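Trainee: So the protein sequences, as listed, match chains D and V.
Heads up: the first sequence begins at 1 in my numbering, then just goes up one per residue.
Heads up: the second sequence begins at 1 in my numbering, then just goes up one per residue.
There could be a bad hint or two in this list.
Claimed, not checked - Just so you have them, the derived chain V footprint on chain D, three or more residues with Cβ under 8 Å:
(1) 38 to 49
(2) 58 to 72
(3) 91 to 104
(4) 107 to 115
Stated by the list, open to error - Interface residues of chain V toward chain D, partial, derived using beta-carbon atoms under 7 Å:
(5) V198
(6) L202
(7) S204
Worth flagging that the hints you see were computed from the coordinates, not collected in a lab.
None of these values were measured; they are calculated from a predicted model.
Don't be surprised by glycine CBs; every beta carbon is placed ideally from N, CA and C.
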Amino acid sequence: MTATGTTRVPAIEGWFTTGEDGSSPALLGSRCTVCGTYAFPAEQSFCRNPDCTSTVFDTVELSRRGRIWSYTDARYQPPPPYVAADPYVPFCLAAVELAAEKLVVMGQVVPGVTVDDLTVGDEVELVIDTLYSEDDTDYLVWKWRPFSGATGAAAAPGSSDGEALT
Amino acid sequence: MSVSNDNDNDKKVAVLGAGMHEWGKWGRPFVEYGLAAARDALADAGLGWRDMQFVSGADTIRNGYPGFVSGATFAQALGWTGARVSSVYAACASGAVAIANARAQILAGLCDVALVVGADTTPKGFFAPVGGGDRKDDPDWLRFHLMGATNPTYFGLYARRRMDRFGATEEDFAQVKVKNARHGLANPYARYRKEVTVDEVLASPMVADPLRLLEICATSDGGAALVLASMDFARRHAGGADPLVTIDAVSTVTPTFPNTVIEMPNFSTDSAAAIAPAGGPDAQNGNAQNGAAAAVAAGFRPSIATAAYAEAGIGPEDVSLAEVYDLSSALELDWYEDIGLCGEGEAEKLLRDGATTIGGRVPVNPSGGLSCFGEAIPAQAIAQVCECVWQLRGSATGHQVEGARVAVTANQGLFGHGSSVLLSR
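Please model the entire structure based on the sequences and the hints provided.
Mentor: Put into structure tokens, the structure is as follows:
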């Protein structure tokens with residue numbers, strides 16, 4: 001998809017790393033320096049914990065793998081500001097539970113995956129993909145991709161690599 | 001009986017009048033629908049507009065500035081009288097908050113009688129973010145832009161979760177639609193008055209798997225209004241009203257942190273890393289996989305009606321009927337559990353047993369629900385209450401729940417506005 005000379009930029013700044021430098025991509029969340037509460041997208045000025053008045057937050061990479069809390073798809077073209085391909089191609093959405101952060105994050109599932117390929121509890125991993133292209137620019141976003149880890153450990157709940165990221 | 005209007009609940013207000021404009025899709029100004037509903041409610045109460053000491057508007061974001069100050073807009077349309085006025089927006093819960101404001105004025109003794117009005121006019125198709133331009137600080141704009149996550153996709157997530165956890169089937173979801181379509185047949189205010197079969201539902205196009213077109217709430221025009229009064233005023237001015245219907249509790253709660261169920265328009269849930277979700281055995285074991293599941297039992301939606309029951313001093317076992325927000329067919333099943341009609345995972349059985357059909361133990365959405373109305377956002381929570389009023393009076397011709405004594409509504413507004421109203425006669 002990426003032609004020579006095409007610019008690749010995040011569709012939104014500061015929400016994820018793209019892995020363009022060879023590292024693994026990740027969502028960027030916040031972690032409260034006082035109580036440890038995570039948030040995505042990152043909170044800059046308040047902690048959602050009602051017992052915490054912290055105003056200082058670390059930016060952290062969230063777990064790259066998680067388990068599907070639930071999933072669905074979008075058979076009809078969403079209205080703007082969604083920028084749809086022409087012709088429109090339906091996509092799946094997944095809400096994914098991250099064990100270390102104890103939160104659920106939504107995102108599109110990579111193209112080519114249908115709801116028949118998904119099950120609640122399946123392990124998925126974060127990838128960066130093109131959301132839409134305009135002129136010579138690809139706008140990038142995070143998506144979830146079914147994880148087919150070869151190791152048996154991948155099948156165990158709570159075994160995602162989130163702990164290592166904090 | 002604990003729920004009679006002679007009990008010691010000193011937070012009751014009387015419903016003297018209820019009025020609605022038919023739901024539909026005409027694209028006319030919202031004021032027109034609200035005005036028609038208000039005049040019907042006033043006539044129903046046997047009172048004039050000049051008798052209203054307070055007017056409480058539920059705002060719409062669809063019609064420009066007049067919609068943002070709906071209380072004054074309705075008051076101007078009725079003719080300014082110098083009444084005290086309030087305008088409030090709380091997404092789908094706007095109507096309930098407008099009711100709560102009027103009730104608070106009455107219970108505080110600041111006024112004796114108040115008019116509550118909500119009305120909307122809606123665009124065709126999916127609800128999309130209001131206004132143009134890039135709004136990269138607005139999660140409602142961003143969820144469309146970055147994920148293409150329309151409202152039905154969130155409903156699809158909840159529906160799939162029910163299938164996975166409780167063995168709900170596509171046929172169960174279709175049966176909810178079939179039931180509500182039948183309930184709404186004789187309701188003169190319903191937009192859709194047509195029976196459907198399970199086969200027809202299952203043959204309708206998939207929108208957000210596993211939900212199909214006939215199972216997802218449409219967007220509608222409509223208006224609803226209530227005349228509320230103090231119990232003293234009701235005794236003096238409506239002594240003959242029989243039975244006198246009262247609002248016994250109004251719940252307008254927020255979620256409790258951490259809310260571990262994904263909600264529109266958010267990208268993520270709260271994190272339970274610092275504080276475990278309230279309730280549920282899995283909440284304490286530190287397993288996020290199960291922690292989020294436990295929170296379904298003790299999360300935001302269940303807390304909404306629970307707060308109303310607690311305020312009125314009654315329980316779900318006292319309820320004769322319920323009007324709940326069936327944004328999708330599957331979501332109605334979630335509400336059965338959330339308002340305490342059955343235990344978690346038992347909603348499908350309740351439906352299959354016919355308990356929630358008119359003639360059953362506790363009919364749900366005897367009006368036909370959003371399934372037959374579509375959603376007119378600021379009017380909908382008020383319309384739920386109008387239906388309960390007519391049911392409790394025994395005047396819901398063609399869709400009456402016989403002997404109804406207590407009714408509950410439940411609803412949830414975007415960003416965390418709970419809404420539940422308890423009524424009795």
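Trainee: Does each hint hold? Answer for all of them.
Mentor: How the hints compare with the structure:
no.: 1; hint: 38 to 49; in the structure: holds (count 6)
no.: 2; hint: 58 to 72; in the structure: holds (count 5)
no.: 3; hint: 91 to 104; in the structure: holds (count 11)
no.: 4; hint: 107 to 115; in the structure: holds (count 3)
no.: 5; hint: V198; in the structure: violated, 20 Å
no.: 6; hint: L202; in the structure: violated, 15 Å
no.: 7; hint: S204; in the structure: violated, 11 Å
The structure fails hints 5, 6 and 7 (numbered hints given earlier, in ascending order).
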